[in-house]
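*Asks:* In case you want the letters, here they are:
Protein chains: 2
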Amino acid sequence: MPVIAVDAMGGDRGPDEVVAGAVAARSDTLTPVLYGSAGIDAAGLELVETVGVIEMSDKPAEAVRAKPDSSLVAAVRAVAEGRADAVVSAGNTGAVLAAGLLELRRLPGVIRPAIAIPVPSERGPSVLLDAGANADARPEHLLQFATMGSVFAEEILGIENPEVRLLSIGEEPEKGNQLTLEAHELLAASDLNFAGNTEGRDLLSGAADVVVTDGFTGNVALKLLEGAIRSLLEALRAEIESTPRGKLGGLLIRPAARRLRDRLDPDTYGGAYLLGLRGLAVIAHGNSSQKAIANAVRLAARGVEHDVVERLAARLPSPAASRAPG
Amino acid sequence: MPVIAVDAMGGDRGPDEVVAGAVAARSDTLTPVLYGSAGIDAAGLELVETVGVIEMSDKPAEAVRAKPDSSLVAAVRAVAEGRADAVVSAGNTGAVLAAGLLELRRLPGVIRPAIAIPVPSERGPSVLLDAGANADARPEHLLQFATMGSVFAEEILGIENPEVRLLSIGEEPEKGNQLTLEAHELLAASDLNFAGNTEGRDLLSGAADVVVTDGFTGNVALKLLEGAIRSLLEALRAEIESTPRGKLGGLLIRPAARRLRDRLDPDTYGGAYLLGLRGLAVIAHGNSSQKAIANAVRLAARGVEHDVVERLAARLPSPAASRAPG
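Chains as they are written, first to last, in this note's numbering: chain A, 1 to 326; chain B, 1 to 326.
Excised from the complex, chain A in its bound form (with noise of 0.2 Å):
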């Protein structure tokens, strides 16, 4: 039964909503253990106490090295030293990764983790990476992405034989900017399921069941998904309510709203998968509710379950055959 390690501390709304989201997670199959200082109440879930917290303004690399014994830090750790299975942290992004390269380290040939993020499309899930572990990637990290991603739609979306698409600004393979353009010759000459650039207005409707693009370019893109599907609800709903028939009407599609709100809410996943560690980890949002806590951390256990790591390190290349890391 996979033990998953939770940083209580992490997240914009404290302890208790993370504490909340794993009680709520625990489960036959699956055993959060809490990671957090003395004091916060576990409620009835195993606490580690630890000492210090990351704070989200913390330079993420410093603050690991100065905080060795705070909740995130020690619960990475715990993945590390084989006391957990997989680790989830709604705290500093920067600082699960920088605690994951120090703590569990890169799975060999590795050369950048990245953040791979289930995007909910119509045609269902795909996987979009990476969506923010570097904010500037070389042509190879890209075909990295690719094979990691690869494996978790895969593992985890259970897609066959994925098909995997490059983000650019034009479906033929001459557009794009010098780093597109030169993963794309990569891509094209790997053993993946490539077909091709995908332009930002097909990830909705379904572009592909892995989207590969840069840091930068990843997390710009969910974050204006994000912002978009929230601004779009809202000017309906004023929209709706400027007119007494609209109101009436509002009323009637309220149940059809929310189910959108909930197919569309991050929430759903609760998190994203850190890959090429030698070690899971799963880095929820900073705003996570109890949900997309729970929902995280039993994204944790499938991932447990579906050896993801394992089977990462047997589709990358050996380290031999790899270049030096970046």
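It should be emphasised that the hints constitute simulated quantities derived from the structure, not laboratory data. Some hints here could point you the wrong way.
Which copy is meant is left open, because identical chains are indistinguishable; a pair holds if it fits in one copy or across any two.
Unchecked claim - Lysine-lysine pairs mimicking DSBU-like chemistry, simulated, CA-CA at most 35 Å apart:
#1 Lys175 with Lys291
#2 Lys59 with Lys291
#3 Lys247 with Lys291
Since the structure of chain A is provided, determine the placement of chain B on it from the hints.
*Replies:* Below, chain B alone, put in the same frame as chain A:
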């Protein structure tokens, strides 16, 4: 009265759609002149006959050189030679840029022209640039885009002392990729009304009056927004129509949904300015309807009336003070 050269052969929907748009835009305050092949129906407008058509799939620079008498190049040249005050094309964007660089040339001091596109935010229109003129950019380009965007916001959107923000992956100055980190410093040291970084999530809610980014990120973001708006409205309709109650509600909210769609419709502006040349060019969406073309022609005329090109020239650094063209 501004004379607007219209590339009648540009756009996916064929000359009849473009001509209908130009006819709709004709008024007491502007005169559209068509540039197109002999034999098209000019519907009473002046037609300057041109030879050859640049296709969407043509390589921009090659096509502009190989087809100097095509409708697109001839329409741009009309501005360079003073026979028109601005040009509108829904054709190959790269070719409009290439023709602009060749025929109109850059304003003194401009390193790279940029595509400035109005974004319909909750707070009112804002402008995003570069929306795709340059796939790769350097920090000093982004500084110029900010200056050009500010002139656009003042002159065309009527915003006094417009607020400029840099699109990045965190609001803190130290969050971003190499390009945005360096651009942030240049912007902070400039005399623009720079308010720091903005994240994708605030683009539709009204992040700033001017949102600056490189052409790759800007193009991905715009297409993503376009796709998200379409996908969301479609998904909501599907949810609504899945139950009788929803269907009735859907009928009642139809006017509200239509108002929202119209407000967000890219056709409302119809086009984007290509800024930084010694003449005004408006790029319309390849799939422009006649409504979009008409609005693009009006947008061009508005730019002429507001002396956008002259005002840009006055605000940009003098050639002696600026770096060599990149």
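*Asks:* Is it within, between, both, or neither for Lys175 and Lys291, if the alpha carbons may be no more than 35 Å apart?
*Replies:* Classified as between: cross-chain Cα gap 29 Å, same-chain 41 Å, threshold 35 Å.
*Asks:* 35 Å Cα cut-off: does Lys247 pair with Lys291 within a copy, between copies, both or neither?
*Replies:* both (30 Å within a copy, 31 Å between copies)
*Asks:* At most 35 Å between CA atoms: does that hold for Lys59 and Lys291 within a copy, between copies, both, or neither?
*Replies:* Classified as within: same-chain Cα gap 28 Å, cross-chain 50 Å, threshold 35 Å.
Of the numbered hints listed earlier, not one is contradicted by the structure.
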